[in-house]
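Whole structure, please, built from the sequences with the hints as guidance.
The residues making up each chain are set out below.
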Amino acid sequence: MIRLVDVTKVFKTKDAVITAADKVNLTIEDGEIFGIIGFSGAGKSTLVRCMNLLERPSSGEVYLDDIQLTKAGHKKLLEARRNMGMIFQQFNLLEQRNVIDNICYPLEISGVGKKEAIQRAKELLKLVELEDKQKVYPSQLSGGQKQRVAIARALATNPKVLLCDEATSALDPLTTKNILELLKHINKKLGVTIVVITHELKVVEQICDRVAVMSQGRIEEQGRVDEIFLNPKSQTARKLVLPGGTDPINAPTRDYLRIVFDGQSSFEPVFANIIIKLGIKLNILGANTEDIGGKAYGQLLIERPKDNDVIKIKEYLESINITVEEMIIDKEQPA
Amino acid sequence: MYDKIIGLLISGTGETFYMVVVSTLISYILGIPLGIVVYVTDKNGISKNSFVNKIVGLVINLVRSIPFLILLVAILPFTRAIVGTTIGSSATIVPLVVAATPFVARMVEASLKEVDHGVVEAAQAMGSTNLQIICKVLVPEARPSLLVGMTIAFTTILGYSAMAGFVGGGGLGAIAVNYGYYRYQTGVMLTTVAMLVIIVQIFQEGGLILASKIDKRIKR
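Protein sequence lines correspond, in order, to chains V and P.
Going by numbering that gives the first Met the number 0, the first residue of the first sequence is number 0, and it counts up by one from there.
Going by numbering that gives the first Met the number 0, the first residue of the second sequence is number 0, and it counts up by one from there.
For the record, the hints were derived by calculation from the structure and aren't laboratory data.
Hints are not guaranteed to be accurate.
For lysine-lysine, the following PhoX-like pairs were computed, each having C-alpha atoms within a straight-line distance of at most 25 Å [said to hold, decoys possible]: (1) V:K187 x V:K201; (2) P:K135 x V:K132; (3) V:K121 x P:K135; (4) V:K22 x V:K238.
Here are the in silico distance ranges between beta carbons for each label pair [claimed, not checked]: (5) P:K47 x V:D64: 55 to 63 Å; (6) V:E324 x P:D115: 42 to 50 Å; (7) P:D115 x V:R253: 47 to 55 Å; (8) P:Q203 x V:A15: 44 to 52 Å.
Quick reminder that beta carbons are idealized off the backbone N, C-alpha and C, glycines included.
Below is the structure:
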């Protein structure tokens with residue numbers, strides 16, 4: 000369990016004071032995959048670095064289980080860090096060491112014998128499916144393979160926690176998906192608690208149990224991923240969840256209904272049913288849906304029809320447990 | 000006559016080698032720790048200490064700003080105290096080391112700065128001590144760059160050693176001064192220059208080839 004209590008981190012530069020984390024309170028439970036999402040500069044990376052004290056908080060307390068890291072001595076802190084693996088956007092492998100020696104590094108520094116270390120490294124290479132790359136140097140690997148090595152390295156000391164700082168942001172969509180699947184597998188198989196820092200909603204959607212939405216150093220809201228996805232309350236969450244939220248050009252300029260699919264059966268022709276059964280003509284403004292294992296995820300934006308049609312649509316969708324939300328565009332202040 | 004000159008050149012080359020190689024080695028033995036200290040105590044370093052950083056930096060800059068020929072003369076008493084004499088090849092090693100060590104320290108610092116900060120951060124996240132980061136991450140990761148720096152240092156020290164010929168140092172520099180300059184034997188002068196050029200070429204190329212050979216970042 001990781002617990003942050005009133006964690007604040009202030010950076011002072013010559014002519015500005017930047018508050019990268021502002022009284023953040025978070026509890027990450029054992030065995031869960033916890034996401035921290037936000038736009039660039041929200042303070043996510045600083046926050047995750049406060050968890051293993053790569054950045055020492057200006058004030059506040061950081062706990063790993065019962066140990067208060069912010070008060071722990073140097074030795075105790077190093078020990079705690081060996082219990083928390085970390086992976087990075089830029090992989091950060093040792094370029095002059097081959098794959099197996101990279102994985103052996105954390106074992107080497109914690110005094111594990113060479114034979115035992117190599118044995119352990121081989122097990123991990125099997126886990127990340129890179130058994131044939133033992134003697135290869137990082138420069139000869141692809142991005143996805145590098146991240147797999149980094150994951151194996153981070154897991155070498157059997158940590159309880161794995162911190163992922165934008166771990167998939169430098170990877171293409173397919174590789175991202177594979178790495179996320181690997182992380183999920185590790186979480187299930189080894190019970191490792193995973194903290195994921197990302198600016199991509201799809202990362203959170205794919206693997207996280209709970210998520211915190213961060214902006215300007217503050218946690219704007221947190222909760223279960225499906226809840227936040229269905230009903231984003233904070234401005235940042237809405238921007239992230241609503242299609243076009245990150246790109247104002249795509250946001251509808253007329254009033255619309257937002258229909259959210261959150262794991263309902265994708266076999267149900269919901270949209271056709273509205274048109275045929277209810278006899279309402281619909282105009283699609285935007286859509287972003289995905290079929291994951293026969294379940295529909297995503298959302299559909301349709302132009303708001305007449306008032307009595309809206310009521311009918313709402314009734315129908317609620318009867319099949321699909322969330323619908325009316326969005327009235329403020330003409331004075333375009334979203 | 001020619002036999003004598005050739006014999007002289009051969010022994011001169013030997014002496015130059017001896018001075019430069021030994022000076023380079025000692026400068027590195029002293030310069031690597033010094034460079035590491037400057038690097039790790041920097042304001043972005045892993046063991047920030049601005050007091051130590053400022054003092055060591057100041058000493059390095061101070062020694063580096065003294066022209067070699069002046070330094071050579073200025074530390075003659077120091078040289079005599081260590082070697083017992085101020086002339087000959089062994090005596091030249093002392094000022095060479097004094098002049099080269101700060102230079103080497105800066106070269107080492109520059110090489111260490113090339114190591115990606117992210118790698119250091121990863122090592123910290125894994126619970127490495129600072130000593131482990133220095134010995135197992137910084138120095139090994141900077142190895143190819145350190146080697147390239149060494150070839151540059153070698154060339155610089157070779158140049159200094161030739162200058163020492165003016166004030167009683169040994170080697171090719173002394174031959175060039177004594178025969179080429181004072182006795183107007185231009186042929187001897189040109190031959191020593193040619194020898195120096197060849198030595199520089201061998202070490203420069205050899206160093207670069209070795210550096211690229213041990214560098215695992217380059218795809219083969």
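Hints, verified against the model:
1. V:K187 x V:K201: 20 Å, holds
2. P:K135 x V:K132: 22 Å, holds
3. V:K121 x P:K135: 21 Å, holds
4. V:K22 x V:K238: Holds, at roughly 23 Å.
5. P:K47 x V:D64: 55 to 63 Å: Violated: the Cβ-Cβ distance is about 30 Å, outside 55 to 63 Å.
6. V:E324 x P:D115: 42 to 50 Å: Because 46 Å falls inside the window, the suggested range holds.
7. P:D115 x V:R253: 47 to 55 Å: This hint holds: roughly 49 Å between Cβ atoms.
8. P:Q203 x V:A15: 44 to 52 Å: Check passed, 47 Å falls within 44 to 52 Å.
Consistency with the previously given hints fails for number 5 only.
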